[in-house]
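Read top to bottom, the protein sequences are chains A and B.
Residue 201 in my numbering sits at position 201 of the first sequence, with consecutive numbering throughout.
Residue 1314 in my numbering sits at position 314 of the second sequence, with consecutive numbering throughout.
I should point out that these hints are in silico values taken from the structure, not numbers from a laboratory.
Just so we're clear, the structure is a prediction, and the values are computed from it rather than from any experiment.
Check before you lean on any hint, since a few could be wrong.
Unchecked claim - In silico DSS-like pairs for lysine-lysine, Cα to Cα no more than 25 Å straight-line: (1) A:K45 to A:K56; (2) B:K1232 to A:K274; (3) B:K1232 to A:K270; (4) B:K1232 to A:K271; (5) A:K248 to A:K271; (6) A:K56 to A:K208; (7) A:K182 to A:K271; (8) A:K197 to A:K208; (9) B:K1328 to B:K1393; (10) A:K269 to B:K1393; (11) B:K1393 to B:K1229; (12) B:K1393 to A:K274; (13) A:K274 to A:K248; (14) A:K182 to A:K197; (15) A:K56 to A:K97.
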Amino acid sequence: MVRQFLALALAGSVAALAAAAPAAAAEGTPPPPREKWSFSGPFGKFDRGQLQRGFKVYREVCQVCHGMTLLSFRNLSEPGGPEFSVAQVRTLAAEYKVQDGPNDAGEMFERNGRAGDRFPAPYKNDNEARSRYNAVPPDFSVIAKARTYERGFPWFVLDMFTQYQEHGVDYISALMQGYEDKPPQGVNIPQGLAYNKYFPGHAIAMPKPMEDGRVTYEDGSPQTLAQYSKDVSAFLAWAAEPHLEARKRMGFQVMIFLLIFAGLMYFTKKKVWKQVELHPEDLTPRPPTEYKT
Amino acid sequence: MSGHPTYQPQSSFMKWMERRLPIAGLIHSSFVVYPTPRNLNYWWTFGGILSFLLGVQIITGIILVMHYTPHADMAFNSVEHIMRDVNYGWLIRYLHSNGASMFFVAVYIHMFRGMYYGSYKEPREVLWILGVILYLLMMATGFLGYTLPWGQMSFWGATVITNFFSAIPIVGESVVTWLWGGYAIGNPTLQRFFSLHYLLPFVIAGVVVLHIWALHMVGQNNPTGIEPKTDKDVVAFTPYATIKDSFMMVCFCIVFAWFVFYVPNYLGHADNYIPANPSVTPTHIVPEWYYLPFYAILRAIPDKLMGVIALVGSIVILAFLPWLDTSKVRSATYRPLYRQFFWIFVIVCIGLGWLGAKPAEGGYVIAARILTFYYFAHFIVILPLLGWIEKPKPLPNSIAEAILQKGVPIGASGPAPTVNKA
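Chain B with its partners taken away, still in its complex shape (with noise of 0.2 Å):
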């Protein structure tokens, strides 16, 4: 894709500046000319949204620290403030603690889009781990943020949390010692806490742009799997994508702003709407629920050190995908059985995510093992099996073949690729 054109300022003060600071013509060729696959359906536009949603989250976030107070006393009363004697202030803080579950709504389709379309292999390997990097940093704010309200849910879940580091053998009960500030969470956790959410997202923020600057090394993925060869496969970045990924960004808003105007607490817990009490615990003690598939696999294990371990392992073997998939083809359109086990592992996924939300007995903790084990075996044999036994459909010769064929490749004329059983 040689030879789009390149950025010529016009105006004198656009010249002048160009030989000194060259932001123009880094956004000209970021995101005007950039060369995208003319073939991106919808599931490619989380990426946008999940930069605007990081944008709301940081603007509504610092017009909250303009009035909430971090302090184990007077957290959840200050949040009662912004919502009854604020401006607007229910309209920022729904906003906000919305607009956190949208993140992970947004992201979770985003990481499934990139799973089922292999947009991890080669070479995007850095890129889906700097993805993986994004996701653990988001888990990480989101936590610290829903402590801050300092409700009962606050309070438990991160007491719930932070206990898993005091499954680290000898070291373990110092370690949480020294996160929580003292032996015990009280105003020393919820000050540091309130510190460390303020700095992650714009942690998050400089990650995301390395993740930018790896996609823009790579070029992106598309539905096919095969990468651009002419430029009759590509679509310049501005108007195509951008009025693509605008007009989903305006439908993505719709359900945002269902959730954040008609059922605001929906997506939270009523128990986090009374104040934080260490006497009391509350029955169930539940995460948010971008976190429940997870909760659900740490209380799969019966012991301790090894439920944290498979917590742990359950996230970071994500960044293990690239090799984990032994699969040439990228795409799930042309992998017949990778596209029947991606859906079983959504279902897998969601299940474990309702079985998170439910007590740990009986049923529920039999169901979990099971989905627990299954997730594992997604990664470790599964995908790893299927890249030998797998016979692909045959590849298109080229993005445009692809729409020419209206999606239908080339059938018995295309040679199916050769896959190295070596």
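Bound-form chain A, shown alone (with noise of 0.2 Å):
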């Protein structure tokens, strides 16, 4: 009886997680393509041509609406990152304008950037942003690590052994090319929004923002959609993350000392314990165990 009940319950369990598994199979949009990226797994680096490339990217297209306002103009020479020349970034932060103050009036001001300024945002809140953009487009500071997308059973528990974390990433670079002028049969899109295939629900506010040629590079890569998308998602991949080269070195250190340290540990254990274990014939059964009822 009890035997029967054992397997009952044992095959209740599994089909009842069988039952689920339909209702996860429906979801709209398709997953991203997965990209090469030279930051990933446990010795990834940035490639310093790249983020300077994505951030031209970011600058010719994305900044007229998207800030980046935890982000330092400093932050832009600092190494782990673009690593532009201290020189090149003041001159950067020049071109911008910042609000400072209040001065010896009591008044704000404006000035031009120096490096340790923040990035301005490009709308005052909210509110004016939708009245200019009829939606409020997100800040990019974090945002390579604000999205992602539904891995499933089983990628969701192996991503945690292969240190697959670049979901955002890809995700940012399919949306870039995921733009369809027409949007395909029975999809209906509302006035002044785009069809995107990568956008959960498809119907972004974004328009597409960009095509091939757009940004010129001046180190000969090519000057195409698809490298753009690879640039830009690169670029805000470092600015979400911009301590990612030393924490994944530093990794690298703390695994190897705590493998050796485990390994002495284990030998030490060993050699304490092995008197204990050399000599069971010290030890001489006593009387049943009387369990008390």
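Reassemble the complex: the two chains are provided individually, in unrelated frames, and hints are given to aid placement.
And the structure:
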């Protein structure tokens, strides 16, 4: 009787989970294609050239609507990032107008940016953004970590071991390339919105932001939408995680240390326990255990 | 285990001290000569790991507070300030956020170990109940901590959890307003959550002291589930348990470091990198992974009040485990049926966790209902009945004998324990 119940309980719980499986398949958006990123994996590093190109795309295309208010200009010259020279960053910062003050007269005033300033916001608040763009363009400071897509079982488990964590970066890159002029049959896109294959729900407020040849690259990289998308996504990955390289480098050192430490501890443990394990003949059986009833 | 050497202070200072505050003697008797069963396996090392993690959380937390601003308008950016501008701020913050997850990994192993080997049974009921209280405190602390970055999941998670209290008849709404400190979740909520998040770890530390005190009263359980009888059944805490615990702690740190350095956001949720916005509800509000089984139970019940009762009940029922399990045999090693039901229970808990992360619709809800039913049935029906039905395997006469026989009890010769069926 118990055996049957046992089998029933096991079969029941498996069946219960299986019942849930069909619901998992019903999602309308295709997963973004996996790209190769130089900064993925345990030894990943950003490609300086790519970050510099990505910043150029951000500056010439995205910046009009999307702020990056948690970053300072100085970050662009810090190690582990695009690593522009300090002089380049100073010149660049000076091209921006930054609000400062209050001055001796109690007034706020505008001045040229300095390396220590944060990137100014493209709009004053959400209301202004809504009246200007009909939507609130999200800030880009941590966007690469704030976006993701559903991996599903078993991939989400494997990601823990393969260290795949560029979900947001892949999504952004795909989104840039996911615009289609004509939505597929049967898909209704409201007035003023665009169709995007990878956007959840497909109706996106942002019009197609760029096309081939939009930004001029000086390093000879292809001036294609695919290249722009990859570069700006990589740049946003750095913006969201500026200490990624330092983190992975330290991670490797910590791992080496811990592995050696664990090995030493293991042999110490073995040595300490040897006395106990070597002489089991010292142990004599005792009378049977009486359980209190 | 009488006659283990007591502490003899050597230096004149320690002799002077010992007559006034015998703290060295207390440490000596608790962590040096304290007898531990010699057959403890590695599942017994997680208590030490948990103490270590509590220390890590408190230390990293104190450092984070030096840079964090508990204000609804500034909290999100101050966390990013820690990540970007504070020296090694990213390290401290990822240690803290992943440390919370590791804390729950360790506590779940620790609890399931207790369930497998019957560590909650007489005379360890109070020890077990203190553990359940610690678990509840941990859940509260983890939840409060998750609200502090004030991202979308912080905000909406806090909304969902605090709304539980509105299910209380008559006074529910007033209780929620009182918890929020206003008519909506806002800055007063964040500030009180921050205050409590700082307080609770020290409450946990206090209950940990009680937990260890209770443990040292009754002694540790062990894989055979029979009490040590002679000095041959035990070894001294130091060096034997200390070195074993330390080795496992280092191994655990490798896992911890993997998450911190390589996949620091794996256990988090992308939405929490979006600043809290009361006017935009995320498509799926999902709690942290360690609450998912209970979240699935909550959503499996169609009625709100009943759902909350089931959620609370699913945790509170653990405290009654010592009396729900009627078997006189502790360890699942000698309980062939319970061992199988134990593993089904583990699968059910993992299944509930998976369902907790899924939207509450269609097949997921049906599956969650079946598994919720099973979860409670395990405690209320299966465990009480099993003690009556099951015929345990013969127990070894002592821990030493179990080791001598390489884990095989003296089969035919050893009498099976008589189970009182009165």
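Hints versus structure:
1. A:K45 to A:K56: holds, 20 Å
2. B:K1232 to A:K274: Since the Cα atoms of K1232 of chain B and K274 of chain A sit roughly 15 Å apart, the hinted pair holds (cutoff 25 Å).
3. B:K1232 to A:K270: It holds: about 19 Å lies between the C-alpha atoms, which stays within 25 Å.
4. B:K1232 to A:K271: Holds, at about 19 Å.
5. A:K248 to A:K271: Since the Cα atoms of K248 of chain A and K271 of chain A sit roughly 35 Å apart, the hinted pair is violated (cutoff 25 Å).
6. A:K56 to A:K208: holds, 18 Å
7. A:K182 to A:K271: At roughly 73 Å apart (the allowed maximum being 25 Å), K271 of chain A and K182 of chain A break the hint.
8. A:K197 to A:K208: holds, 12 Å
9. B:K1328 to B:K1393: OK: K1328 of chain B and K1393 of chain B at ~12 Å, within 25 Å.
10. A:K269 to B:K1393: At roughly 32 Å apart (the allowed maximum being 25 Å), K1393 of chain B and K269 of chain A break the hint.
11. B:K1393 to B:K1229: Answer holds: K1393 of chain B to K1229 of chain B is near 20 Å, not above 25 Å.
12. B:K1393 to A:K274: Distance of about 30 Å is beyond 25 Å: violated.
13. A:K274 to A:K248: violated, 38 Å
14. A:K182 to A:K197: Distance of about 11 Å is within 25 Å: holds.
15. A:K56 to A:K97: holds, 18 Å
Of the numbered hints listed earlier, those contradicted by the structure are 5, 7, 10, 12, 13.
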